[in-house]
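Next come the chains, spelled out residue by residue.
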Amino acid sequence: MNASASAAPAIQIRDLHKSFGSNRVLTGIDFHVDHGEVVCVIGPSGSGKSTLLRCVNRLEEPDSGQIVVEGIDICDPETDLDAVRSRIGMVFQQFNLFPHMNVLRNLTVAQQKVKGRSKKEATEIARANLDKVGLGGRENVYPAHLSGGQQQRVAIARALSMDPDMMLFDEPTSALDPELVGDVLEVMKTLASEGMTMMVVTHEMGFAREVGDKLVFMDGGVIVEEGDPREVLSNPQHERTQAFLSKVL
Amino acid sequence: MALKRSTRRILSRTVLYAVLLGVLLLVGLSADWATIRANFFAPAGIGNPFVGDWGTWPDLITVGVKNSLIYTVVAFGAGLVLGVVLALMRLSPVAAYRWLATAYIEFFRGLPVLLVVLVMAFGIPIAFNGWTPPGGTVGAGVVGLILVAAAYMAETIRAGIQAVPKGQTEAARSLGMSAGRTTTTVVLPQAFRIVIPPLTNEFVLLIKDTALLFVIGFAADQRELTTIARDFMASSATAGTATSLIQASILYLIITLPLTRLVSWLERKQQKAR
Ligand SMILES: Nc1ncnc2c1ncn2[C@@H]1O[C@H](COP(=O)(O)OP(=O)(O)O)[C@@H](O)[C@H]1O
Ligand SMILES: [Mg+2]
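Protein chains in written order, with our numbering: chain W, 1 to 249; chain P, 250 to 523.
This is chain W alone, in the form it adopts within the complex:
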């Protein structure tokens, strides 16, 4: 819906390069994510998917190139990174909930300290988001007492509580027992259907096919192939994509 409202894409990446020492991880990435679009990123382990995602909110510092998020150049030294980050939700493979805070506090702490919301308002928003991920009533539990799937849903609710413009997911179901994957994917599907802009690094090809608007295949620090997920998955054009998909499908 937003796509027509503003012309600039939600995320625009141009000629992005990133090395760790002599390890050249990203070697010229160009792509964009439109508003309301769900982009799934796949590729072999070590191909730079996480690094790409982490460059978008500058958890990793790019070496060169341009990253523009909602019209804001995040590599500009004048940019208020904290403000930009508070508008980009991020969900990690290892959940990364704060273990010394209960579920409610996990969801309210940044609302209050970053967004300056009152405790009352933050709590209301937190409760609404907990309900949304199917964990209403778990406010007072500590993360250690939740299953992996529940922790990941709390992590999603925590990110949502900041009212982000977009969500980044880095293999959100890879650390989960198989029977817990479904609940997390369900929440992500709901988000997608509500029009959330999402960039999802995943190995869940079913999710990519069903929910994704665009599929990006990365290998060796470049985007090898991108396009409609159903097309790329059933009829990959590039040899390396074919080789990868024949292994995972």
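Quick caveat, the hints were computed from the structure, so don't treat them as lab data.
Glycine residues also receive a C-beta, built at the ideal position from the N, C-alpha and C atoms.
Careful, some of the hints might be misleading.
Unchecked claim - To give an idea of the interface, some chain P residues facing chain W are shown, with a C-beta separation under 7 Å as derived from the structure:
| no. | residue |
| --- | --- |
| 1 | L424 |
| 2 | A428 |
| 3 | Q439 |
| 4 | T505 |
Add chain P with the ligands to chain W, keeping to what the hints say.
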């Protein structure tokens, strides 16, 4: 010849107990108990609580224990604050801070505590034109304890901070928290949980280190436990005996033993939580 395994074990146990009993008997019978009691457990000091006779305990406790605890708490509190600052400096992206903190820590860990206490007690009034911290010379001596304790605590706290997973910082930053906010609300609270046992140990060490203040020389009401016990050997109901030293030992143990037990309990609990 070939005894059963279980029989052999019982036999060797019996021998071990017999040896222990023999040594105890030998010491017990050869010691001069009357002299020991008179010199180490003089009734005038130990008293007899059953008849309302508290001996010299009240003085030892209301002056010695009280002051020892005050000096310990002050040194611990100030050392902790300075230790946190040093730990953060050691982890700073600014090289000069890292270098300064490392130099500080290596310097004070490489010196005898007694020497630092002496230098401070006599040096601070000279260096600052006769000015001394609250407590006078003793306060200056406590500064010595603080400086050394901070060096040790800094290393403990740094290890605790580094034990907090990197993902915690990343999660906080991705929510828009600043680096400082992340440190205070996410990293330090978790780091402190990790370092509570080693810091409790540091507290116990400090209790014992306050005895080093002995070398400074005190006003009567400033004396810590070891000093007052030493004084009581010269002038008190138990003068001329070592009774007050035994009493001080008992008082130290009453404070330190529960704390060391607490540390091992906390450590076991953390091990299990992992
Ligand atoms: N912080 C880091 N320091 C050094 N090397 C890193 C770091 N993060 C990632 N790498 C390296 O970058 C490459 C790509 O990693 P990553 O982006 O995590 O790949 P993927 O998510 O596709 O598995 C790997 O070779 C990895 O070892
Ligand atoms: Mg990865």
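Those earlier numbered hints the structure runs against, lowest number first | 2 and 4
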